[in-house]
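Undergrad: Chains as they are written, first to last, in my numbering: chain A, 60 to 610; chain B, 60 to 610.
Because the hints were derived from the structure by calculation, they are not lab data.
Worth double-checking, as some hints may not be accurate.
Calculated lysine-lysine pairs in the DSS-like style (CA-CA distance at most 25 Å, straight line) [what the hints assert, rightly or not]:
#1 B/Lys173 x A/Lys514
#2 A/Lys319 x A/Lys394
#3 B/Lys482 x A/Lys598
#4 B/Lys482 x B/Lys63
#5 A/Lys167 x A/Lys86
#6 B/Lys482 x B/Lys184
#7 A/Lys178 x A/Lys394
#8 A/Lys550 x B/Lys582
#9 A/Lys394 x B/Lys394
#10 A/Lys63 x A/Lys482
#11 A/Lys582 x B/Lys550
#12 A/Lys227 x A/Lys171
#13 B/Lys162 x A/Lys595
#14 A/Lys330 x A/Lys319
#15 B/Lys586 x A/Lys514
#16 A/Lys560 x B/Lys582
#17 A/Lys394 x B/Lys550
#18 B/Lys162 x B/Lys86
#19 B/Lys550 x A/Lys514
2 protein chains.
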Amino acid sequence: MAEKLKIIPLGGLDEIGKNCTVLEYGKDMIVVDCGVGFPEEDMYGVDLVIPDFSYLVANQKKLRGMFITHGHEDHIGSIPYAMRDLNCPIHGTAMTNGLIKLKLEEHKLADKVKLITHKPGDVVKAGCFTVEFIHVNHSIPDAVAFAIRTPVGTVVFTGDFKIDPTSKDGMMDLARLGELGNQGVLALLADSTNVERQGYTPSENVVADSLDRQFRNCDQRIIVTTFASNMHRIQSILSTAQRYGRKVAVSGRSMENMLKVAQELGYLKVKQGTIVDLASIKSLPKNKIVIVSTGSQGENMSALYRMAFSTHKQVEIVAGDRIIISASAIPGNEKSISNIINELYRKGADVVYEKSEGLHVSGHACQEELKIVHGLVRPKFFIPVHGEQRHLQLHAKLAQSMGMNPRNIHIGEIGTVFELTGKTCKVNGTVPAGRVFVDGSGVGDVGSVVLRDRKHLAEDGMIVVCVNLSSEDGSVISGPDIITRGFIYVKESEDLMEELKQVAMEAIDRCQRKRVRDWSAIKSAIKNDISGYLFKTTKRNPMILPVIMEI
Amino acid sequence: MAEKLKIIPLGGLDEIGKNCTVLEYGKDMIVVDCGVGFPEEDMYGVDLVIPDFSYLVANQKKLRGMFITHGHEDHIGSIPYAMRDLNCPIHGTAMTNGLIKLKLEEHKLADKVKLITHKPGDVVKAGCFTVEFIHVNHSIPDAVAFAIRTPVGTVVFTGDFKIDPTSKDGMMDLARLGELGNQGVLALLADSTNVERQGYTPSENVVADSLDRQFRNCDQRIIVTTFASNMHRIQSILSTAQRYGRKVAVSGRSMENMLKVAQELGYLKVKQGTIVDLASIKSLPKNKIVIVSTGSQGENMSALYRMAFSTHKQVEIVAGDRIIISASAIPGNEKSISNIINELYRKGADVVYEKSEGLHVSGHACQEELKIVHGLVRPKFFIPVHGEQRHLQLHAKLAQSMGMNPRNIHIGEIGTVFELTGKTCKVNGTVPAGRVFVDGSGVGDVGSVVLRDRKHLAEDGMIVVCVNLSSEDGSVISGPDIITRGFIYVKESEDLMEELKQVAMEAIDRCQRKRVRDWSAIKSAIKNDISGYLFKTTKRNPMILPVIMEI
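Start from the sequences, fold in the hints, and give me the full structure.
TA: Given below as structure tokens:
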């Protein structure tokens with residue numbers, strides 16, 4: 060029996076983020092992208108979500124390399140976690156590798172991992188696979204798609220992309236996608252992020268024009284916040300500042316890091332002296348100042364947040380400051396952004412944030428752009444990726460509207476094994492896949508039970524009931540004592556605390572009368588009685604922790 | 060010295076929700092609206108937020124009545140809480156009072172509170188105030204504005220409104236506002252919700268047309284979710300269903316309640332037999348079925364949520380079902396709605412939710428409508444209400460653009476006392492105002508300390524350290540025992556648990572050596588040592604509760 064190509068998404072299907080896909084053929088395996096996801100609202104205390112890498116670890120010997128499409132967190136963020144247990148070279152473009160390097164240094168893994176830098180057009184052999192780098196447009200420079208030659212045919216990964224014919228680094232290489240399409244493509248895996256949106260995503264140039272409008276008629280200090288990784292946007296801010304004779308300072312760690320990488324690699328064209336230190340900019344007149352800051356998503360402790368809430372050490376918002384929010388809300392961040400905007404208004408700032416102002420464009424292709432790529436690549440099989448269920452299904456419908464046979468379109472989930480020959484594609488089983496939570500320095504030691512407890516504690520707090528029982532006859536030696544946290548304002552609820560002691564005492568007495576000597580049965584009795592009593596009196600359900608110590 | 064009119068917002072300024080405003084003159088006081096707010100993300104476990112009513116309670120003797128503009132929760136939801144301590148008649152229109160009555164019955168207060176029903180055009184005397192009911196358009200029927208005659212001049216409250224010239228119950232009474240303007244209005248308090256939006260809010264009729272389009276070409280079951288209180292929308296759904304020969308069943312408690320009230324009061328025009336029981340609708344062919352359900356905000360346990368996640372007792376989503384989401388996301392609910400949509404897609408449903416489909420219109424006036432009202436009322440003073448800081452400020456700018464003197468525009472916050480004579484308006488001090496949290500049956504017993512503890516517990520869980528010390532020499536009799544919840548998966552962390560016991564033991568030993576016998580000092584030592592150890596080893600910061608029992 061001939062070998063088959065396996066395509067196995069470990070992340071990014073039926074979810075947003077932690078994009079990671081495995082290609083496997085015989086004794087060879089490569090990985091495309093290795094991103095993180097961000098915790099949902101109910102993942103209390105979780106810092107990051109990473110893919111379950113156990114399939115990669117188990118197949119470590121087959122691993123020939125990791126190929127990264129671009130430097131956003133949802134494509135590179137899990138690399139340090141994967142690289143604790145894996146060993147293979149990582150291939151990316153200059154900007155992408157610059158950002159990966161920062162990450163590896165933070166995790167003290169820079170010496171261990173081999174980073175290999177390529178340009179669009181480069182072709183890399185990795186086992187039986189040959190990976191070609193193809194230039195695409197996106198909201199970070201140096202993003203690429205991959206055309207991967209496999210023994211059964213060519214697989215095209217678009218990565219995140221848009222078609223920006225007036226992009227500063229040139230339109231994405233549609234010609235190459237067309238050539239590949241003409242030669243025959245076995246499977247296409249394409250970005251579904253913006254498939255709900257009709258038409259085209261506007262060019263990044265639109266934002267440059269809007270920024271010019273905002274700078275032109277302004278004689279106040281200007282503070283712009285945007286995604287740190289959008290170097291074309293930062294370039295527009297720098298160019299506009301230069302045009303109006305303003306100096307630019309940067310605030311926020313991720314922005315500083317990003318700028319450092321971009322400048323080192325020559326991605327920013329800026330006159331000597333335009334970028335100045337945040338400390339030195341204060342001495343300039345207001346109409347000579349631009350501050351570029353983090354915080355476009357309303358993040359707690361970001362530079363803009365600290366400026367708004369007066370906890371920034373160097374910058375305080377004053378009446379008249381023009382704050383430009385050059386970003387849109389990632390779903391879930393609406394409230395935090397709104398809080399900052401309100402606070403900026405309260406300080407008397409002039410805040411520009413409306414969609415209608417053209418201060419942000421997406422980095423992802425809308426329907427018409429997706430259709431162009433489908434029309435050029437004309438794959439035999441199509442697997443929509445990078446999206447929640449509705450995105451994947453709408454992308455499947457879009458492919459159908461382009462004439463694809465629905466039987467050749469496959470919607471999977473993480474862990475799904477797609478098995479391809481040159482003529483067929485079918486789902487054949489699954490591999491372990493899931494969400495691994497990073498909390499502090501712990502990876503995977505917080506799971507559903509811990510999160511369930513955190514949710515319970517968050518909603519109603521907890522009550523500890525301590526009692527000392529005699530090991531001889533089970534009688535109460537001391538206690539019960541009641542300690543609560545996050546339940547009720549105790550100083551105004553002393554009566555209730557006394558009642559709870561009574562309820563606990565009665566539960567223990569009842570056990571004694573029934574000659575129950577099993578500690579866990581006594582704990583249950585205390586727990587049930589207090590829980591019932593509290594629900595009756597307060598309609599609340601705190602976590603109750605009976606602690607019995609035997610003397 | 061002549062008396063002055065005091066206007067005191069207790070809610071709804073610099074925040075969304077819990078709208079409530081006091082008017083006070085000499086020995087008379089009235090209240091306009093008495094709503095609830097909904098908890099923000101960081102208000103763990105809080106069910107509702109209500110205004111601080113202490114100023115009303117302290118001035119109970121002056122209180123002549125409560126006047127309610129319409130029946131939405133953010134205008135009526137706090138009435139049962141206020142009416143525990145207050146005693147005055149409540150004035151509203153029929154629909155509004157129908158909804159208030161339901162609420163009072165739930166809280167067993169229906170006998171205590173006098174509800175008086177009025178029609179637009181009615182004029183009510185309450186102490187020195189005379190309140191006129193004026194018809195406005197909004198997303199609930201029977202909404203009114205108030206023109207309040209006071210000894211120093213007329214005050215106009217718009218309440219929530221939009222101008223809908225083709226509304227089923229007629230355009231709002233702009234003529235009356237114009238007359239009042241001609242006679243002279245002292246102060247205008249106007250809705251700022253949609254002040255960020257240019258142009259006009261489309262008519263509710265637009266949605267009726269869109270619904271027709273969705274029903275026309277559908278031979279499957281249709282499930283529509285919308286805001287339960289939007290009776291014009293429900294009427295459109297019923298009319299469209301009748302037109303296409305479909306029966307309508309209702310699912311979800313708030314929708315059932317609302318329909319009951321609306322039908323009793325004659326707000327719904329529907330042929331006998333169109334509305335049927337949910338249990339009986341299942342026997343009909345798919346193209347004869349419409350289900351109207353709650354859940355348009357993605358609420359956990361709402362009817363649509365239960366249908367999507369297969370926990371609804373009577374309705375299961377099947378492939379082909381057309382689900383129409385006739386609502387937009389209230390900020391903060393985006394994720395929950397998105398989760399339901401994904402789940403519906405997963406079940407094979409055809410989900411219609413795009414803005415572009417015209418399936419929802421707002422109930423609030425956009426910029427051009429606001430300008431019309433300002434142009435008609437031409438108040439001497441303007442106080443923007445119903446909005447966060449940015450809405451209030453933008454509304455102030457809008458009034459300025461209409462020619463108002465900025466010195467006559469006042470932005471306040473809750474508790475601000477605006478003092479008006481016939482010629483002046485100024486801020487003069489504050490009264491107690493704030494956010495009171497309702498959690499279960501408790502009102503005000505959860506405050507910032509409890510919420511801080513809940514947040515702490517939510518993020519990192521907690522560790523209880525129990526130890527029995529001898530009352531004679533402070534030596535350890537039993538323990539220390541370690542119990543954790545929401546911290547780490549304990550079964551895989553036994554080593555860490557042992558280490559924590561060691562750390563606690565060493566802290567106690569150290570205290571013994573230093574002859575520290577003060578329990579609270581020993582507790583601090585245990586807490587600090589464990590906390591430091593955990594931060595070093597896990598970068599986490601759980602709540603640590605040392606419990607010492609003395610034997």
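Undergrad: Determine for every hint whether it applies to the structure shown.
TA: Against the structure, the hints:
{"no.": "1", "hint": "B/Lys173 x A/Lys514", "result": "41 Å, violated"}
{"no.": "2", "hint": "A/Lys319 x A/Lys394", "result": "31 Å, violated"}
{"no.": "3", "hint": "B/Lys482 x A/Lys598", "result": "51 Å, violated"}
{"no.": "4", "hint": "B/Lys482 x B/Lys63", "result": "11 Å, holds"}
{"no.": "5", "hint": "A/Lys167 x A/Lys86", "result": "30 Å, violated"}
{"no.": "6", "hint": "B/Lys482 x B/Lys184", "result": "24 Å, holds"}
{"no.": "7", "hint": "A/Lys178 x A/Lys394", "result": "40 Å, violated"}
{"no.": "8", "hint": "A/Lys550 x B/Lys582", "result": "20 Å, holds"}
{"no.": "9", "hint": "A/Lys394 x B/Lys394", "result": "12 Å, holds"}
{"no.": "10", "hint": "A/Lys63 x A/Lys482", "result": "11 Å, holds"}
{"no.": "11", "hint": "A/Lys582 x B/Lys550", "result": "21 Å, holds"}
{"no.": "12", "hint": "A/Lys227 x A/Lys171", "result": "35 Å, violated"}
{"no.": "13", "hint": "B/Lys162 x A/Lys595", "result": "21 Å, holds"}
{"no.": "14", "hint": "A/Lys330 x A/Lys319", "result": "15 Å, holds"}
{"no.": "15", "hint": "B/Lys586 x A/Lys514", "result": "23 Å, holds"}
{"no.": "16", "hint": "A/Lys560 x B/Lys582", "result": "22 Å, holds"}
{"no.": "17", "hint": "A/Lys394 x B/Lys550", "result": "38 Å, violated"}
{"no.": "18", "hint": "B/Lys162 x B/Lys86", "result": "30 Å, violated"}
{"no.": "19", "hint": "B/Lys550 x A/Lys514", "result": "20 Å, holds"}
Hint violations for this structure: numbers 1, 2, 3, 5, 7, 12, 17, 18, all remaining hints satisfied.
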